[in-house]
Structure formats: C-alpha cells, structure tokens
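> Residues per chain, in single letters:
Protein chains: 2
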Amino acid sequence: MSETADMSRAETTRSRLLEAAVQAFAEKGFHGTTTRDIASAAGMSPAALYVHHKSKEELLYLISKDGHEATLALMRAAIAATDSPVEALHQVVHDFALHHTRGHTGARVVNYELAALSPEHLIEIRGIRHQIEEEMRALVQHGVKTGAFDTDDPYMTAAALLSLGIDLARWYHDSGRWSPEQIADQYAGMALRIVGA
Amino acid sequence: MSETADMSRAETTRSRLLEAAVQAFAEKGFHGTTTRDIASAAGMSPAALYVHHKSKEELLYLISKDGHEATLALMRAAIAATDSPVEALHQVVHDFALHHTRGHTGARVVNYELAALSPEHLIEIRGIRHQIEEEMRALVQHGVKTGAFDTDDPYMTAAALLSLGIDLARWYHDSGRWSPEQIADQYAGMALRIVGA
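Those protein sequence lines, which keep their order, are chains A and H. Heads up: the first sequence begins at 1 in the numbering used here, then just goes up one per residue. Heads up: the second sequence begins at 1 in the numbering used here, then just goes up one per residue.
Since the hints were derived computationally from the structure, they do not count as laboratory data. Every value quoted in this text rests on a predicted model; they were computed, and no experiment measured them. Hints may contain errors.
Claimed, not checked - Lysine-lysine pairs mimicking BS3-like chemistry, simulated, CA-CA at most 27 Å apart:
{"hint": "1", "chain 1": "A", "residue 1": "28", "chain 2": "H", "residue 2": "56"}
{"hint": "2", "chain 1": "A", "residue 1": "54", "chain 2": "A", "residue 2": "65"}
{"hint": "3", "chain 1": "H", "residue 1": "65", "chain 2": "A", "residue 2": "28"}
{"hint": "4", "chain 1": "A", "residue 1": "28", "chain 2": "H", "residue 2": "28"}
{"hint": "5", "chain 1": "H", "residue 1": "28", "chain 2": "A", "residue 2": "54"}
{"hint": "6", "chain 1": "H", "residue 1": "28", "chain 2": "A", "residue 2": "65"}
{"hint": "7", "chain 1": "H", "residue 1": "65", "chain 2": "A", "residue 2": "56"}
Claimed, not checked - Some chain A residues near chain H, calculated using beta-carbon distances under 7 Å:
{"hint": "8", "residue": "9"}
{"hint": "9", "residue": "29"}
{"hint": "10", "residue": "153"}
{"hint": "11", "residue": "186"}
Beta carbons: idealized from backbone N, C-alpha and C, even for Gly.
For reference, chain A alone in the conformation it holds in the complex (with noise of 0.2 Å):
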C-alpha cells in the first residue's frame, strides 16, 4: 500500500475517534468517560485507540482546539467581509449561532469541559478564546466609535453577546422549535437591538 494510502486510513481513523469522543464527552461529559466507550464506539480496541491518540485528555484538546479555532476562523472573516460596523456584527452573532446550533453537540463538549484540560492545553485553549473575546470587544468598539453602536460598557456587552452564542450549545436540540437559521436569523437582529444600533 502506497504510504499516501496509509495517511489517509490513519486519518480516517483518527477523525472516527474525535467523532466518537465528542458523543462520549456530550453525553456522560469527560470524567464519566472511559477510553473503552470511545475505542468501542468507533469500533476498535482500547489499545488500537492509542496507537493514534497519547490519551482521553489529547482527544478533548483536539476537539476543543478544533472548535474554537474555526469559532475565531468565522468571527474573522465576517469582520473582514465588511467596513460596517452594524453588517459586521449582524453577521458575526448569524454565523456564531449558527455554528453552536448545527454544531451543538461538539459546541458543548468546548465549552464545558475545559476544566478537564490539561494546565498546558488549557492555557493554549485560553489563549484562542481570548482572541474571540477581543474580536468582539473590538467590533462592539469599533461600533460605538464611529456611532453606529451605543452602549456604556462594551466589554460587558461583547460578554453578553458571546454568552448568547455559547450557551445555544447547551439548550438546542435538534427536534426544537425553530431551525438554527431561525436563531441565527433573530438572535443577529437582537444583537443590534443590545449594542442599540
């Protein structure tokens, strides 16, 4: 078999995993967790299962490094997309709910169980989320400079926005109410409403 061949399988391998950690995680939450449910449900043995990963601690971390770079990667590029301050947060609090609703299950697993990172892992982790954080501050910044936003205290405002995004990984569930380009759709228009655009 060619050698690209086999980084494929092992990749392949390797993202069957993370699959199955982020089920484990969402469902009995990191410390109820055994490497064993993992392994099993992505259909091979304990000891297959580190020949690709050191351990249940370095799934987590790939899992959460994974969802909070590509939260960061969209906050970006719809700042990016636009000079208006009123467009960019539209888009921003749009494309955040839309993430942690259809990306519910994994949103979950990042934003609740990192205190079962390692001190390490947990320091990168926090240094991705501070760079989220900052987004935000800035955009909400930007918003209130230029006029088009107005609020008291934009970093208590950037931290409500984001808590909104986040905390839809905890109450949506797919069987809901609306669909999550419902949420998207009014939680962006309630986000303009906050910073009183």
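Since the structure of chain A is already known, use the hints to place chain H on it.
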C-alpha cells in the same frame, strides 16, 4: 438529647452534605464525583452519607430542586410586585442575574447536570423549568400586548433572555472584572433593549 436537637443536627449534617456535593459536582461533574469524595469533603464516612441520602443522584436531585424553585420564586416575586411589564422585566432579569452570579457554583450544577438525574427526577425538574420559561414568555407577551415591548417572536426572545442569565453561571467568577450587582444592572438594561421597550 431532645427530638428537636436531633432533628436540627440531622438538618445541619444534610446541608453540609449538600454543600459538599455542590462543590464536588461543580468541580468534577456528577459522573466524575464519587460518594466518597462528597462524604470526605463533608468530614464523614461514605457509610454515614447513606444514613442521610439514598444515593449520589438524590443529592443532585435535591440541589437541582432547590435551585430551580428559588429561580421560579424570584421571578414570580418580581412579576407580582408591579403592573408595569418594563419594571417587571427589569427586576426579573436583575434578580435572575444576581442569583446566577452570586450562586454561580450551585447554578452551574443545576443547569449542566440535568442529564445525570433519574428519569423520574428529570421529569419533575423539567416541570419546574417549564414554569420558569412560561413566566418569562407570559411577561414578554404581556409587554407586547400592552404595547410596552416590540418583538416578532416573544417565545424566542424569552428563550434568549433566560439564556443570557443562565450562561452567567458558566462564565462568572468571583475574581472577575464586574460585581454581581454591576452585571445585574447592565443585564436588566440589555433585556429592555432586546424586547424593544
């Protein structure tokens, strides 16, 4: 020793166990916590714990019941205190935010460990959550009907208002930038903007 003194000693022990359980569940999650952890944090043996509580799940249920009932009570008190939907919403969101910041450790357990409840207990707790949601919906709908508020979708608006308050339990820390009172005031103001008051 009198029966009353026995009762009160049992009560003290029970509340010490509940406090120890809140701390342990908030730190390590329900599934990551053993009855031994809880017993030793309360300064007693696992066997002594079972004298007072049937199981770890029963402790979670009592914590959850207390927390949800306290939230429902503060909402009803705030709503009953005025005829004005604006004043009522301001007070509800203010008190809800205060409750979820000051009591963030307990609120975290109450909101993020529902899946660990027994099926019967989950039904009971969901019943109280449903009443909490109904109070917020009725308040937003009342405001829309009287022309005090202006929002397309009172149901989703109510969900977002509760979401903002609940997520405080996730991110609020005692050593943070803002006091519970500062957050409560700002959040009450944001809530009025969200409903278009």
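> All hints, please: hold or fail.
Right, here's what the structure says about each hint:
1. Restraint check for residue 28 of chain A and residue 56 of chain H: satisfied, since their Cα atoms lie roughly 16 Å apart, inside the 27 Å limit.
2. Of the pairs offered as hints, the one joining residue 54 of chain A and residue 65 of chain A holds, with about 16 Å between alpha carbons and a cut-off of 27 Å not exceeded.
3. Among the hinted pairs, residue 65 of chain H with residue 28 of chain A is consistent with the structure: their alpha-carbon atoms are about 21 Å apart, no more than 27 Å.
4. A C-alpha spacing of about 12 Å is found between residue 28 of chain A and residue 28 of chain H, which places the hinted pair at or below 27 Å, so the restraint holds.
5. For the hint linking residue 28 of chain H to residue 54 of chain A, the alpha-carbon distance of about 22 Å falls within 27 Å, and the restraint holds.
6. Among the hinted pairs, residue 28 of chain H with residue 65 of chain A is consistent with the structure: their alpha-carbon atoms are about 21 Å apart, no more than 27 Å.
7. Our distance criterion of 27 Å between C-alpha atoms is broken by residue 65 of chain H and residue 56 of chain A, whose separation comes to about 33 Å.
8. At a threshold of 7 Å, the smallest CB-CB gap from residue 9 of chain A to chain H is about 33 Å, leaving the interface hint violated.
9. Among the interface hints, the one on residue 29 of chain A holds; its C-beta lies about 4 Å from the nearest C-beta in chain H, closer than the 7 Å criterion.
10. Because the beta carbon of residue 153 of chain A sits about 6 Å from the nearest beta carbon in chain H, less than 7 Å, this interface hint is met.
11. Given the 7 Å rule on beta carbons, the hint for residue 186 of chain A holds: about 5 Å separates it from the nearest Cβ of chain H.
The structure shown violates the earlier hints numbered 7, 8.
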